Every structure is written in structure tokens, then in C-alpha cells.
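If you read the sequences in order, they're chains A and B. Going by the working numbering, the first sequence opens with residue 4, and the numbers climb by one from there. Going by the working numbering, the second sequence opens with residue 698, and the numbers climb by one from there.
The set of hints was computed from the structure by calculation and includes no laboratory data. Remember, predicted model here, so these are calculated numbers, not experimental data. Positions of the beta carbon are idealized from the N, C-alpha and C atoms, including for glycine. Don't take each hint at face value.
Listed below are several chain B residues computed to face chain A (Cβ distance under 10 Å; list not exhaustive) [to be verified]:
(1) 792
(2) 794
(3) 796
(4) 819
(5) 821
(6) 824
(7) 826
(8) 827
(9) 1019
(10) 1123
(11) 1170
Take a look, some chain B residues computed to stay more than 12 Å from chain A by CB distance [as the list claims (entries may be wrong)]:
(12) 966
(13) 1008
(14) 1248
Residues per chain are reported as follows:
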Amino acid sequence: MAQKWIYRLDELRSEHNDLVGKKCANLGEMVHMGMRVPPGFAISVDGYERFMSETGAGDEIRKYVEEAGESLRKVEKQVEAGRVIRNIIESKDMPEAMKAELYGFYDELCETVGKPDVAVATRSSGAVSMPGQMETYLNVKGKREVVRKVIRVWSSAFTTRAIAFRLEKGMDMAKAPIGVAVLKMVSARCAGVTLTVQPTTGDLSKVVVEGNWGLGESVVSGEITPDSFVIDKETKEVVSSTISQKLRMVVFRKDGIAMVSVPKELQGKPCLEEKELQEIVRIALKVESYFDMPQDMEWVIDDDMSFPENLFWVQTRPAKFSKKKEDDSEYLAELMTRIFKM
Amino acid sequence: MKVYDVVPGLEFDPERDFELSPAWFLDGTHSVPPWTPMFGWFWVSFCRHGMQWGAEKLSLPTVKGWDWRFMNGGGYLTLLLVKSEEEKQRREKKFREAILPFIKDYDGLWNGFVQEILGRYEALKQLDLDTAENIDLLANFEETICTCRRMWEIHMYMMYGTYTAYILFENMCRELAGIDDTNPTFHQLVSGFDNKVFQVDKRLWEFSQRAREDGLEKVFLEGEVDGIKARLETVDQGRSFMKDFSAFMNEDGWRMQRMSEINLPTWVEDPTPALVNVKQFLQKGGDFNLEAERAKITEARLEAEKAVLEKVPREMRGWFEQLMRLAQKSGVFSEEHDHYLDLYTHAMIRRIVLGMGKRWKQEGAIDDPEDMFYLQPDEVRRAGINPDQFDMRYIVERRRAEWEEWCKHPNPPALLKEGFDLDQAMGVLVKSNDPIASKVVVGSMPQVRPELKADLYGTCGSPGVAEGPARVIMNEDELSLIQEGDILVAASTSPSWTPIFSMIKGVIVDRGASLSHAAIVGREYGIPVVMNVFEGTTKIRSGQKVKVDANMGTVYILDK
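Based on the provided sequences and hints, a complete structural model is requested.
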């Protein structure tokens, strides 16, 4: 089986959802829109299937499920099945040929970033909606660890809830249409959101940028008051800027994230430089015109790199609300258009 | 001997059709049991046309309607997805314009179409089938084909536009009020409306009142249901009752017992099913009042509206309320379109097909008028003007034999290309964002909650809890078995089943979504409906005591 199972993000577009899952396909599409995304690569659904068939894990799972038979209807048994199946998967070593290929991609990533054993995040990328939280592993360093965590992401498709769902649907238990995204960990100096419409007034002539030190979670969750900039789309001038006292921020810890205090000297300082702000606006307007629709976007500024390579985007989607315009009909028509984008 | 296609050009061809799409789904709601060749031709040819026409007129951004194939009496469908990002964006621009008439003047749009299609039916009915020349019969048949084609255009254009509004409303309710269309409060928001189908029910109920006042109760309640009409004709009061009842049938009885087939009589031809409805209303006793029921549901809706509007930020209430009014029309549309479009058109097809069949029998082309159901229109054209010159029996015999075989072997639920599984296929359906696929065909997947220890898990189609004996109904003929207080268990329900909803306490259906028939009617009658349980008709037996908890989406079999 010589079929390709790892892809560079720029090889992917949104129509590759079935191949690599939604997250990876979206990242590929963003690359094509001129948005810089954290460097990395995508492991396709075929990679998962190849692993399952070459290691024999697929057959073992099928056999186990067959033997368990009707007893799997009981919830206790489903909990046990989850444990057994995850053990089967995690006990397998990745076949040498696959491993070599994955190492190759990881080495190339290290080269791109210019750092040996670069820290990455491995995230699941589901092709269809399945219940149950699949795992994400942050701060993964070194190729052996990457291989281990990719296998862990695959095995995480077998939570109790996912097993119950598959049984109910009569789906093959040994199958899971999931891909894996392996992306460089962005060491976030600051992060935030950008809206190409003013959410409070529905004003489509302005871009709003909000940001805080550290990871974007604090801005998205609304727990702190971020810096806020309003920029005129036509003149690119900053119409208003509010620099807040930013007391708390979110940072990476060894196993996950944590809210910490912002160093005193940074609390009253704007988190973005003017040129960074302008770059954010430039890309945001480009993406808005690509979709012909106001966007709600998330960005991160990487501390390891220099401008403009340090601006990464992690998300773009249609902006959810804007205030009613003069004509509700036109506005409803626009909202209806958006439901086809979900 | 050459074997002709039933739906030429649209017979399922594994070699070519799997190239077009790896997954084809059986339309179980409409083509189980299998269609006769004549009906299959009409449906596959024009439902297919209508869906693509509607999707194109509206310029739906992600889907270009559905493609259909015919196989052994089954209709198989697949979605035509918009392939490139550029095309999606082009279509989006047009869609924003094309959807406006729905938002700006929904009633004007729908009523205009109703007038247009009723005009066509009136013209078709002008022809006296018994005295017409062959040439006029054929012309009427051709005109019926055009009417069917036009019906499907209106049908799918309206359906796509209406359901898009409904889905947006559901999304907004989820965003702003935290409820979706599996939530009882959501259902209160979209029920408590009058529509044509309920008006027909009300007329039937009024006839039951009149039967009681006229002392005809015994005629209805004693003896076989098949004999009601004959027994009525034996007494003065009954004759006068039947005269008015026939007038009512001529107006509103243009409906098939099975919505998507023409081989069963319409109410106009045989009013027995309608008289059974009258009988069932009589059995319910005098205290039943449809309007009082409706008033209660309307009141509940107004309260739900108020509660939900309070959760919506003030500056959004304007458009939110406009959207709500629009979404509320989708339930009405769902029922009314069955009456004005599908049922009526199919009754027109049956009318002319049997009219020609009678003539053909007289002139020797076939043995029985119903043999026509085994022909397709090109064959009808062959002998249409001079049926005395053609012997069509050899085709009828072969096709009838084939159809009988189809009836013995159920069609598979999906045709999948080798190496493609149902899971992937469902993924394609979901990804299409097709409003009809998601609200009528696929629905929400039930959430299995083992802690509830239910026997079946489904989704809420209409809120409430009820307990009673199960009555498994597999086809229309069995409807008269329904007793007051039963819980109906079926694969799905059809508009001509509506009157029995006043007798039953709850509904369990194997498949369906929040805009399918059982859900809408259940909401209007205020009885719980659990849908998408997949195995209701196989796991439950008539007579077993069952409990339906639609709020939780669960079904319990109480005596196993």
C-alpha cells in the first residue's frame, strides 16, 4: 500500500474533509487564503486505517467485539471495552515504514522552524461528528514521542460514549474516521480575536481587534478586559484604541494551560505593535473578501519568530451576529446564507 | 424478448452510477412497499427534476438537489454537491437575493402557487373521461404529466426555501435561548396553527356530530366498515348524509390512501377510509372538541414565544421575531403541501390513467383498467390514440410478474460502492447542509443514555409522556384497527393518517425528523411523538403495554 497518508497543510483544501478530517482541511484552506497557520502536517484517515490493518489491531478489535457480542449492550461492558480497545491500540508499535515516513515529516518541521526536537501539539481531526471528546496532546517533543502521541490520539476515538454510539448505529467498531493534525506549538507572546464587523453596532466599515498577553483563551472566554482596537477598513486608520490593565493571562504549562498574573511592566502596555495590528487587518480583510462575509478570526503572535513570520492564524469563521440593519429581510437573507457554511 | 426500462435512463446502473456517487439511499418513506412501474416513472422522473430545479432557482450554496434512480420498485437518491469553493461563493451571492421573496411575502408566494396548481387540476377535471375521444384522453394524460412536473418544481422550491428558514430559526434558538428542535419548548413555538389538513379533519368531525344528531350512530358502529356506505343508502337520513358527504369528498377527497402511489382508490372513488374516520370520531364520544384542543396548544405557544423572546437580546428581537413567524409557517407548509401538491396530483394521475385504462379494456389493449399501472408513458403513447390496434398485455404480464417479485424482496436501505461504508455515506449527507436531508430524511441521531434504561432511544418529535397499548401499523389497511388510547407504532406516517391522531395517546416512528408528518401532527394534537428509534416496528408487538417519554426521547416496553 503505497498510498500517501501524510500531507503538508498546503496540499489540503476544505474539500479534503473526508481525507484528513475537518480541522486539517480547514487549516489547508486557510493556507490557500494567504493566512499563515502554525507549521505542521496532517495524518490522514488512511494513516489510521493502515496502522490498524498492518499491526493487526483492527482484527483484534473486531474479534474482541464479536466475542463480547450482546453483552456490549451493557454500559459496564462498554466501559471495559473502551479500556481493552485502547490497550490493544496503544500496545502496538508503529510499523517501521510508517514510522520512517512520520520521522521524515517531523525532521522537516524541525528544519523549517530551525529548532531540533521542536515542540508540537497533536490534535484529532474528525471527518464526521462523533460524540466524545478526543484527546489533544500539547508540548510533544522528539520524534519518538510524536509517534506515541499520534497513536494515543487514534486510541482516544474509543471512549465509552463513542462505543455506545457506534453500537447503536451498527458501525464497524474497528473504524474511526479520524485524522491527526501535528502543528508546531506556538509560543504565544500575545493572542486574540479579530472581527470584520463591529459586533455592537453591526457597522461593516470597521474592523475590531482584541488581544491580551499569552494565549487567546482569555480573550475568547471574556474573562479579562483585553486591549481593543477599532480600525477603519477604508483608511486603515485606528479609529479608537483602548489599552486595558491586563492583570491575568493564559500560558502553557507542562500538561495543559494555566491562568497566571501578567508581569507588572506589561500590564498597561499595548499587546500589539502598530505594524502587527496593520498586518492583522490586512489579512482579515483579504479573508473577508474571499468569503464575501464578515469574519470572526483568531490569531497568535509567536515569540520565537520575527515580524511578519510571527503572525499565525488558528481559526476563521463567519461572524455570528451583527446588530439588525435597517432592513431585517436583507439581514435574514444573509443569516440564511451562513447556515450553509456550518 | 427485449426488456424495457421502467424509467428509461434512470434505472440504477452500478457501473456508471457508483462513479457519480458512492452511496445511494433508499427513499423508505415513499417507496416501501415498492412502487408500481407507472408511479415509479412519475416520481423518479419529476421529484428528481423538482429538487434540482428548486435548488437551482434558489441557488443553494452547497447542494444542487438530488439525483434519483429506480431499482426494483425502489427510489434511490444521492445528493449533488457543489464541488468547488468558487462555485459555492457564486451561488451564495445569488442565494441571498433568491431567498428574499420567502422572507418578504411568504403567504403571497405560497398562495400564488396554490392558486396556480388548483387551476391546473380544475382544467384536468373538465374532461369527461367516459365520453371523451381517445385523442382527448391522451392529451389529458400528457397535460397531467406536465402538471406533475410543475407540481414538483413548486414543491421543492417551496420546501427548500421554507426549511432553510426553519433551520436558521432552530440555530438561532440554540444560540440565543439554548433550545433546539429536540426540545419540547421549541416544539411549542412551532405548533398551534390551523391548516388545510386540519380543516378537513374538522369537517370529518362535524360529520360525526351530524351522524349522531341524525340518529345514524348505529349504522356506523354496527357491522363491517366496508358496508357503512351501503347501509347509509338504505335510510332517508343516511342518503341525505351521503349526498353532502360526497359533495365534501368531491371538494377535499382528492387524496390517495397512500400518499406516494396510485394503485389505491382515492376518497372520491371510495369514501370508506373517510367514513372510518367519522366512525372513529363517533367512538370517541361527544366530549371531544378539536378546536378546544387547538386553543390550548395555541396558548402554550404564545407563552413559549414570550419566554423565548425574553432571552433574546433586545436589539435582536426585531429580526428574531420575523424569523420566528417565518419558521412557524414551515409546519403549516409541511401539511398543506401534501394536500395541495402530492396527494392531489397523484389523484389526478390515477384519474386519467384509470380513465384510459377503462377505454383500453373496451378496445382490447389490456384486460383490466388497473393493468395501466404496469406501463410507462411511452407505452401509453404507443397505443394512446388507437388502443384497438395494439395488444399491450405482454408488457403488462411481464411487468406485473416483476412487480410481484419486488414486493416479496425488500430493497436494501442503501446501495454502496465497494469499500464505502454507511458511516461515510451519512457523513456526505450531513456535509451537504441540505435542508431537506437534515430535517426530513436524516433527522437528529438519538442520544443513547444507558442510565435511563430505556428499550428504545429516539428524538423528541412532539413533547409529552404517555402510556398505553401499542398498535403496530405497517400499512394503511390496518388503520381501522386503531383503538382509542393506543400508542401508534409505525415506520412513518402519512397525511391521510391524520384523523387517527385524535384517538391515540402517543406515537413511535422508526424514522423521521422534526418536520416530518408524525412530528407536526403530533404537535398539533398535543400528543408525544418519539422518532428515529429505528427499530420500533421490529421490537414492539401490538398489544404490549408501552410508555413513551418524548421529553427524554425514550420508549419503554412495560410487559416484555
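- Query: Does residue 792/B pass the interface check with chain A, least Cβ-Cβ distance below 10 Å?
  - Reply: Constraint on residue 792/B satisfied, holds at 6 Å.
- May I ask you to check that residue 1248/B keeps its beta-carbon over 12 Å from the closest beta-carbon of chain A? holds, 20 Å
- Message: Hint validation: residue 1170/B versus chain A, beta carbon distance must be below 10 Å. Holds or violated?
- Response: Status violated, d = 25 Å.
- Task: Under 10 Å, Cβ to Cβ, is where residue 794/B needs to be relative to chain A, so tell me if that hint holds or is violated.
- Result: Because about 8 Å separates residue 794/B from the closest Cβ in chain A, which is inside the 10 Å limit, the hint holds.
- residue 966/B and chain A, when compared Cβ to Cβ, separated by more than 12 Å: Correct as stated: the minimum Cβ-Cβ distance to chain A is 43 Å, above 12 Å.
- At a threshold of 10 Å, is the proposed contact between residue 1123/B and chain A supported by beta-carbon distances? Holds, about 7 Å.
- Under 10 Å, Cβ to Cβ, is where residue 824/B needs to be relative to chain A, so tell me if that hint holds or is violated. Because about 43 Å separates residue 824/B from the closest Cβ in chain A, which is outside the 10 Å limit, the hint is violated.
- Query: Taking the closest Cβ pair, is residue 1019/B under 10 Å from chain A?
  - Reply: holds, 5 Å
- Message: Interface hint check: residue 821/B, Cβ to nearest Cβ on chain A, cutoff 10 Å. Holds or violated?
- Response: It is violated, given that the least Cβ distance between residue 821/B and chain A is near 36 Å, above 10 Å.
- Non-interface claim for residue 1008/B: all C-beta distances to chain A beyond 12 Å? The claim stands: residue 1008/B keeps its Cβ more than 12 Å from every Cβ of chain A (closest is about 14 Å).
- Can we keep the residue 827/B interface hint, with Cβ of chain A closer than 10 Å? Nearest chain A Cβ about 50 Å off; hint violated.
- Message: Tell me if the interface restraint on residue 826/B is satisfied: Cβ within less than 10 Å of some Cβ in chain A.
- Response: violated, 45 Å
Figure legend: structure checked against the earlier numbered hints; hints not met, in rising order: 4, 5, 6, 7, 8 and 11.
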